[in-house]
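Each step along the sequence shown adds one to the number in full-length UniProt numbering, with nothing skipped, and position 50 is 50.
Quick caveat, the hints were computed from the structure, so don't treat them as lab data. Mixed in with the good hints, there may be bad ones.
Unchecked claim - Okay, the calculated beta carbon distance ranges per label pair: (1) Tyr79 x Leu102: 30 to 36 angstroms; (2) Met44 x Glu83: 55 to 61 angstroms; (3) His112 x Glu72: 57 to 63 angstroms; (4) Glu83 x Ile113: 41 to 47 angstroms; (5) Asn71 x Ala91: 29 to 35 angstroms; (6) Arg80 x Val116: 50 to 56 angstroms.
These numbers were taken from a predicted model, which means no experiment stands behind them. Every residue gets a Cβ at the ideal spot worked out from N, C-alpha and C, and that includes glycine.
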Amino acid sequence: IETEKDHLMTVIDKLEKNAAESKQLNGKTTQTDLVGSNINDELMESKKSIQALQQEMHLLNELNTTLSTQNENNLLTVYRTEEILKQRDCAFETLKDDNRRLQSDIEGLQTHITKVS
1 IETEKDHLMT
11 VIDKLEKNAA
21 ESKQLNGKTT
31 QTDLVGSNIN
41 DELMESKKSI
51 QALQQEMHLL
61 NELNTTLSTQ
71 NENNLLTVYR
81 TEEILKQRDC
91 AFETLKDDNR
101 RLQSDIEGLQ
111 THITKVS
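Based on the sequences and whatever the hints tell you, model everything.
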């Protein structure tokens, strides 16, 4: 009876140890599952972030293209305006020279009229 009792106690101890290890193993499995679930959630969030950033990048590229085109048009307008300004400055200088010449002619004619009178 004593031997049988010792044998049963040993078996009970082994079963209790196995049960405890099994619980720990199940706990670890659950934690792994939770970690896996968290990783999947993080992956999904990362994918959404990447997609949003790619869409934003696409929109910014389109905006950059539009702004580059507008900038080129503005530079062309500035160039044309500068050319017109140069032409008008040249015409202005020509008119100033003509005005000086005509004033000189008028003064000469006035002097001549004064002498003739």
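Status of the hints after comparison with the structure:
1. Tyr79 x Leu102: 30 to 36 angstroms: holds (35 angstroms)
2. Met44 x Glu83: 55 to 61 angstroms: Cβ of Met44 to Cβ of Glu83: about 59 angstroms, so the range 55 to 61 angstroms holds.
3. His112 x Glu72: 57 to 63 angstroms: holds (60 angstroms)
4. Glu83 x Ile113: 41 to 47 angstroms: Given a distance of about 45 angstroms, which is inside 41 to 47 angstroms, the answer is holds.
5. Asn71 x Ala91: 29 to 35 angstroms: holds (30 angstroms)
6. Arg80 x Val116: 50 to 56 angstroms: Since the Cβ atoms of Arg80 and Val116 sit about 53 angstroms apart, the hinted range of 50 to 56 angstroms holds.
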